[in-house]
Each structure stands twice: as structure tokens, then as C-alpha cells.
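Trainee: Given next are the chains, with one letter for each unit.
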Amino acid sequence: MACHGMPHSFIGQKGGDVNGETDLHARSQCHLWAVLAPEASDLQKEEIKMNEYDVLEILKRKLRDGTLTRREFLQAAGMFGIGTLGAAYLAGCAPAPAATPVPPKPAEPTKPPAPAATAIPVPPTAPALSGSLRFLVAESFWSDWHPYMTTAASLGRIGYNIWDRLILIESDSYSDFKPGLALEWKRLDQLTLEMKLRQGVKFHEGQDFTADDVKASIELASGATPIETLSRTTWVPTTVEIVDKYTVRLKTKTPFAPLLAMLSTTAIIRAGEDGDTLKKRPNGTGPFKLVKDEKDIKTMEGIPNYWLKGQPKLKTMVHEFVQDAQTRLNALLAGQADVIDRVPPEHWATIKANANLVLEMKTRLENVNMWMRQDAKPPFNNYKLRQAFAWCIDREAMVKNLLGGSSVVAKSFIPNLCNYFVEQQPVYTYNPDKALEAVKAAGFASIKDVPVVPISVTTGFLPRSVECVQYIIDNFQKVGFKTTLKTSDVAGMVDDLFSKADPKPGFMFHLSWGNGTGDPHSSLATLFRSPGAWAAPSDTKLDEMIDKGVQTVDPTERAKVYKDLQAYLWEQMPHIPLNNSDVATGYNKKVKGLILLGVGRQLFNNTSVD
Amino acid sequence: MGNYFIRRIFQMVFVIWGVVTVTFLIIRIVPGDPARLMEPPGTPEESIQVIRTRLGTDKPIPQQYVEYLANLTRGDLGKPFRGGTSVTEVIAAKLPNTLKLGLVSIIVATTIGSLLGVIAALRQNSLIDKGVLVFVALALATPNFWLAVMLVLIFAIQLHWLPAIDMAGPESYVLPVTALAIVLLPLIVRTVRQSFTEALTEDFVRAARARGLSERRVIFLHVMKVAAIPLVTLVGIQAGFVLGGSLVVESIFNWPGVGNYTLNAIQARDYPMVQGCVLVIASIFVVVNFLVDMTYAFLDPRIKF
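In order, the protein sequence lines correspond to chains W and C. So in numbering that gives the first Met the number 0, spot 179 of the first sequence is number 178, and the numbers just go up one at a time. So in numbering that gives the first Met the number 0, spot 288 of the second sequence is number 287, and the numbers just go up one at a time.
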């Protein structure tokens, strides 16, 4: 349909948003149907919700068919509150039939033939949900459903489908905040953010989403209530003032620069649900709702009346835990899975060689490091010695020859794609001379005086972790360090790290730390703000810089803070950043619209299966 | 017979108790704190201690052991550390799938193995006999996990004849049963061949032939019964191999059984789940062997308890 002069946001929006407005809720849908298309079936009336576009389309057809005059058209449009738009629509359209009725011919019908039964002017609508997708994941669903208490990545990922956030990030540009359950927001002062909320949104169990839910969610997640949550470790206490049913003001206890980033990852729960209820079942406003909860299989169904028109597309989505990577690959190759998670490097060629499959890789916002427990004990309490180890590792060769894909050498203590990332100098690489120099600067007469360093690596978690650590140990030993290697599963290594017994000094291990928001706060605060387990316990300078980074709201000033902070960390080298890992997902070509984010999650809102 | 029965019951209980005790100790000696695994690294020790108290792992090991045994006598296998309301419920949901796979594998292996063994015995030193022995040697040398992967590659991925994973429909049994059965076959074939060959030289066979019985009747009515006695023993032992081998096969085929679940529970240090799964598997093995022993009396009237 070509209509000149119409705003583009209106044209072509078939049953979708019109200038940001949703269906005509203010008018009864029954009333609309009764007036405009009484011939429509009950099913059509039940399932199809009209908006302004739909109404004008129907009026236009009636005008063209001669069952409506231009005056009647405008009156009808006005009756439904779209008078101005209707007038513009009318003005831009091809001329309507003559306003004055044609004199009747007695021998002939005065009206044009009634349209055939199939030609009922049904307004365009979003396509029905269809298709089923099976996603095999690498991590078990070991936690409960409490969105502020779980650290299980598998459940966190499902959570993005079940709960909405106030703000959305749907690309790898982590400052590109889009409206979610909040339509718009503005800073009132250093501590206060006012948000207008989306109306007409419902929880899966039928309740309306309102400001009360935002208050309950943010205050619980941020630690503004006495109830303990895990999420509070990355927030500052934030109270929520309810201005009206759809307007809130978030007030942080101290200036909190990552506020928008945190709002993009904090699920909005229903007010009044206690901890036990939250643990047992999820009730969100998201595009999918959980319909079957089994130990290793989570089945979700798409919400037909989701607030974002055109989404979701899938009728059913199943996330299933399959531990073995080969089994996941077999399922994909045999057509029994549509998407598989964490494809290891040894399987990349197989997927790429298959014409029906896609291997998508993204550099992940995750640093893989050689960690050093510091504990103010020798030998790692001396930053020069830590630098010496950093000068032993040929990270480029390791990434190129052992990892490949989208892995890249880490160039700072925050992932390369993170906001405020600054590439650091010097670039640590394999340089025995500099390593030995640093050893001497650390106060050792020779490298032989450095104690034996036990090194630990896990199997079955990070790809090629054992090979990488063996390569690193080879580098260390070539320079002259003495090391031992212990291989264990994740449970064993975590136990060694944090066992009740005093951890061994000089204990080095290979592990990663992800960033789920794109804000440096997520990478740095939990790891380095004392009294954390990872930083030197008395580094007050680091604490001050971290606090400043969190509290500096102005982006330009914040960039300066993080520039200095990264440089300081690079000098102090609390651990050795090796690489940013990659997230490799394999899927069938019939899967369309799957978005893979560098924070390590897949977005299924717009996904369909042919 | 009554005394033997009671004696065997005591033996079974003792064996199961031994398995339970060893598993209980090993899973706690192996590094890995289940409480710590539930929280991100760096979580304060106080928070971890709260979890340990909830899980019961902060108690002294002897106390945990006594409480566990006491609960066992009441039929309570405990509550998994990670999800689920009770270990019994979880196992009850998974066990039938493992049993189905195991039973079908044993039946297929026994049937085919017996057939091949009988044919080899009746055609000793012929080309058929040699062919069977070569097949047995190959099957013996083949690791079942490798075989499982190869079967999936060929029949599921290349040919798309059969599913690669899941337990859904009769066709989904073909590949995992093949992987398990081929491992069981060698011993069955050789045992049947050997015992059949020996039985064929016995006087009662000569006597049966002399009385004019058909060869088929001699073999299937008289010889089979005697040759089956070691086979029955073998089936009992093979039940153990099948249950143990199912851990790997279930993982490869994503079979929703106890084996697959046990592997995951070990990684997660889910003590009650590991203990429960091992207890059930051991109990099945012990009971199967008991039933096997009881079957002897039926097969050979000379055997009395």
C-alpha cells in the first residue's frame, strides 16, 4: 500500500507499534470490532488486537468500497482518537470515491457487491508463533531460580528469556542502551534516575507490571533491603521512589556510574514474591515463559502477546544440559539439536565443513588469566616478581597456535571490548632478559632462589586449558623458574584455592573471569576491591581508584579514572591476563535471527526455525 | 536351601554395606567442597559455612556416616545437594531407563552370543568357526566408548538412519545396545562354544543319539541345558559390566539414565546423589547374581544348596 505523506514509522507497521504506542487499549477491542468488522469470527476478535493503523486500514477500504464517505471516515477516525492522523492519511491517499452518493438506478443495486466472506478486512497482525528450537548447553542447571542468587550461567541465560530488564543491550555496543520495561529515563542529579515505565505489560501469571515491581526488584537486587542476595556485591544500595504507577525514581546511596549497565542485567521480578517463591519458579514478563521444569531440561513457550511486537517468533524453546561436547556436536550433526553451546576448537572444522551448519564466534568479554594468590605472602607479594612471570609468556603464539578462533591476546585487565578499555604498555611477551631483570629487581640474587611455584589447571572447563598451561610452564622453565603442575576438575581446584587450610603461597592457577555488562565495574570491583580474595589485602590505592571509577558519573572523567586504574593494574600485575576467550556457538542454518553477544549469551527474541 | 538363602541375604547386605561405605569415604576424600562450588570464587567463608550447615557437610565424617546409615535403614537416600526433592525420586525416574538399556543389551548379547557360540561349536575348526573367533577377538579389543562414537558417526550422522542421542522410540535403542552388546559378546561366544563343545562329547549325548533322538532335539533339549549353566553365571557378571559401562554409553547417547546422572553428580560433588546412584547400581548387581545362583538349581538338579 503506497500512501504519500505518511510518516514512515506508520507505513508498513502491520499490527505493530505506531510511534511507540501499542494496541488501542483505551478503546474496547469489542467496540472496535463491532463497528468496523462485525463479520469477523470470534477467533479473529479474540486473537487480533487492533491499533490505529489497523483501524485506518479498515476505514480506508470501506471508503474505497463506497461504504463510507470521506466525512464519515474522518468522524470514525476521530471517534477512535486518531483524527489528526486519519486526516493526514486521507490527504495522502489516492482520492476516495465522490463524497456525494451516486443517484440510485432503480433497476440496479445501489451498493457495490458485498465483499466475499474471505475478504473481511482483517487487520494485519504479528505472525503466529511457530517452530521449536532445541539448544544444548554445556553447564548444568544446578542452581535454583532466584535471579539475584544464582551464579549458574545456564540459568542466567534462560533468565534473559523469562524476565525482562528495564533497559536492553542487544548488541556488542555496551553503551547502546535501549528501552526495555522502561521507556525513557533521565538523570535528575548525581544520585537519582527517573524512569517512565512501559504500560500494558503483564507477568506470565497474569499480573500487571507496575512501579511496585521495579521497587521490589531493584531494592532487593541492590542490597537496599536486609535480605541477602549475591547481586548486591555488584550494586550499591538503591532505593526506589514511586512517583506514580508508571514512573519511578531510583536513588543510589552513592554516585553509581554503572547504574544503566546494571539495570540492563537485573531481572524485574513481581513484587511480593518471597525468596522461597523466587527459588521455585520464575514469573517474568519476558518473551518466553517456563512451562516444564526438569532437572536437565527447561522447556519454554513463546508469549503470543509480548509487549515487543513481532517477538518472539518461536513457539517452543528447550534448553537441555548435555555435558559432553562430542555428544552435543553429534546431536547437531544428526539434526537432533538446533543450537549447541561452547563448541571446542577441535570441533570447529567439522561444523564449518558442513553445508547445513553455521559456526559463529565472538570474542568474549572474559579474561583468561594466570592468577596468583597473593595474601601478602612471598613470593607473589612482590609485584616485580609477578612482572617477571608475565615476561615469560608468549601470549601471541599461544593464542594463535593453541586457541585460534576469535580469541585475542588480553591487552588490559578488562576485556578488550569493554567500555573504557585502554590498551596497555608494555606489551608483555616472551622476553627472558626482561624476566631476569625483574627477578633481580624483586630482590632475588638469581632466578634459582625463587621458590618452586605450584601451578594448577582445570580440565573440562576452558578449551585447551591443559595445553595452554603446559605451554606456559614450558616458557617459565626455559627462563629458569621451577614449577609443578597439578591437573584437576573445577571442584578440585576451587578446593585447593579456598580450602580451610592456609592456602599455599606462590600458588598459581589458570582460570577466567567474565564481564556480564560491558562495564569495567563488573570486571574489577569484585576481584580487586578489598577485602576480596584476589587482590593484595592492603592496596588502598587500588580501592580508592575502584571507588572513584564507580562513583564518577561523567563519562569523560570516568574514562580518565579507568585509564589510570588500568595502567596501575598493568604495573602491579596482580595476575597475568593471557587472552580474551571466544564464545563459539554452532547452529543449524534453518535457525534465523539468533544473536550472539560477547558477554556470552545468545538472544532468542527474534529467532525462528524454518 | 533355607540356610543357604539366609546366608546369601547376609552376604548381599554385607557387600552392599561395603560398597556404601567405600563410596561414602571416597567421595569425601576426593578434593572438592560441594558448598564452595555453589558460590562464586571469593565468597566469604562465613557464607560458605552457612551452606555447609544446610547441606550437613560441616558435621564430622563419622557423624555424617552414622546418620546416613540410619536414614538408609528407613529407605531414605537423602536429598540431592543440587535440585530435586529426594534422591529416591530422582533415581526412580532415571533407573528404569538404565535397566531397559541394560536388559535389552544383555538379551541381545546373550541371544547372538549363544547362537554364534553354538554354531562355532557345531562347526568346529571350519571357516565359520574361525570367522566367529576372529569376530570375537576384534570385539574384545574394541573399547565400547570408541565403538559408540563410531556407530553414531556412521549410522546417525553420515547415513541418518538412526538417532544420535536421546531415548525416543525403539530405533533409539539400536546404537547404544550395539555398543554395549558387542563388548559382552566375546565372553559369551567363547563360553558357550567351550561348554557346548565339552557337552557334545559327554556320554549322555551319545546315549541320546543312540536312542534315536533327532540332532536338533539332542542339541536344544539336552546339550543346551547343560551348556547354559556357565552362561547363566556369565550373564550375572555381565550385568555388572553393563551397569558400569552404561555410564559412558549413556553420556555419549545422552541417555536419561542413572549412569549419566552419576557422572554429573560426581563432578558437582553431590554426595547424596553419588551415594544413592552407586548404592542402587551395586544392589542391582548383587541381586542379579543372587538370582543367577538360584537359577542353577533349576538348570542342574545335581546342584543343591
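These are computed hints drawn from the structure, not numbers from a lab. A hint or two may mislead.
Said to hold, decoys possible - Derived lysine to any residue pairs resembling SDA-like cross-links, with alpha carbons at most 20 Å apart:
(1) Lys351/W with Tyr172/C
(2) Lys78/C with Lys252/W
(3) Lys58/C with Asp494/W
(4) Lys294/W with Met166/C
(5) Lys279/W with Tyr67/C
(6) Lys485/W with Arg53/C
(7) Lys294/W with Pro30/C
(8) Lys288/W with Asp494/W
(9) Lys294/W with Asn263/C
(10) Lys291/W with Ala34/C
(11) Lys294/W with Val29/C
(12) Lys485/W with Met166/C
(13) Lys279/W with Glu38/C
(14) Lys278/W with Asp165/C
(15) Lys399/W with Ala441/W
(16) Lys278/W with Leu121/C
(17) Lys485/W with Ile236/C
(18) Lys588/W with Leu139/C
(19) Lys294/W with Pro95/C
(20) Lys278/W with Arg51/C
(21) Lys485/W with Pro30/C
(22) Lys294/W with Ser85/C
(23) Lys294/W with Leu94/C
(24) Lys294/W with Ala91/C
As the list claims (entries may be wrong) - For the chain W half of the interface with chain C, some residues (derived, Cβ under 10 Å), not all of them:
(25) Ala215
(26) Leu307
(27) Gly309
(28) Thr315
(29) Glu319
(30) Val321
(31) Arg327
(32) Ala330
(33) Leu331
(34) Gln335
(35) Met492
C-beta atoms are modelled at their ideal positions from N, C-alpha and C, and glycine is treated no differently.
Trainee: All the hints need checking, so say for each whether the structure fits it.
Mentor: Hint by hint, here is what the structure shows:
no.: 1; hint: Lys351/W with Tyr172/C; result: violated, 30 Å
no.: 2; hint: Lys78/C with Lys252/W; result: violated, 41 Å
no.: 3; hint: Lys58/C with Asp494/W; result: holds, 18 Å
no.: 4; hint: Lys294/W with Met166/C; result: holds, 16 Å
no.: 5; hint: Lys279/W with Tyr67/C; result: violated, 27 Å
no.: 6; hint: Lys485/W with Arg53/C; result: violated, 31 Å
no.: 7; hint: Lys294/W with Pro30/C; result: violated, 25 Å
no.: 8; hint: Lys288/W with Asp494/W; result: violated, 37 Å
no.: 9; hint: Lys294/W with Asn263/C; result: holds, 12 Å
no.: 10; hint: Lys291/W with Ala34/C; result: violated, 27 Å
no.: 11; hint: Lys294/W with Val29/C; result: violated, 25 Å
no.: 12; hint: Lys485/W with Met166/C; result: violated, 38 Å
no.: 13; hint: Lys279/W with Glu38/C; result: holds, 18 Å
no.: 14; hint: Lys278/W with Asp165/C; result: violated, 29 Å
no.: 15; hint: Lys399/W with Ala441/W; result: violated, 31 Å
no.: 16; hint: Lys278/W with Leu121/C; result: violated, 66 Å
no.: 17; hint: Lys485/W with Ile236/C; result: violated, 37 Å
no.: 18; hint: Lys588/W with Leu139/C; result: violated, 41 Å
no.: 19; hint: Lys294/W with Pro95/C; result: holds, 17 Å
no.: 20; hint: Lys278/W with Arg51/C; result: holds, 19 Å
no.: 21; hint: Lys485/W with Pro30/C; result: holds, 12 Å
no.: 22; hint: Lys294/W with Ser85/C; result: holds, 12 Å
no.: 23; hint: Lys294/W with Leu94/C; result: holds, 15 Å
no.: 24; hint: Lys294/W with Ala91/C; result: holds, 13 Å
no.: 25; hint: Ala215; result: violated, 23 Å
no.: 26; hint: Leu307; result: violated, 32 Å
no.: 27; hint: Gly309; result: violated, 32 Å
no.: 28; hint: Thr315; result: violated, 16 Å
no.: 29; hint: Glu319; result: holds, 8 Å
no.: 30; hint: Val321; result: holds, 5 Å
no.: 31; hint: Arg327; result: holds, 9 Å
no.: 32; hint: Ala330; result: holds, 5 Å
no.: 33; hint: Leu331; result: holds, 9 Å
no.: 34; hint: Gln335; result: holds, 6 Å
no.: 35; hint: Met492; result: holds, 8 Å
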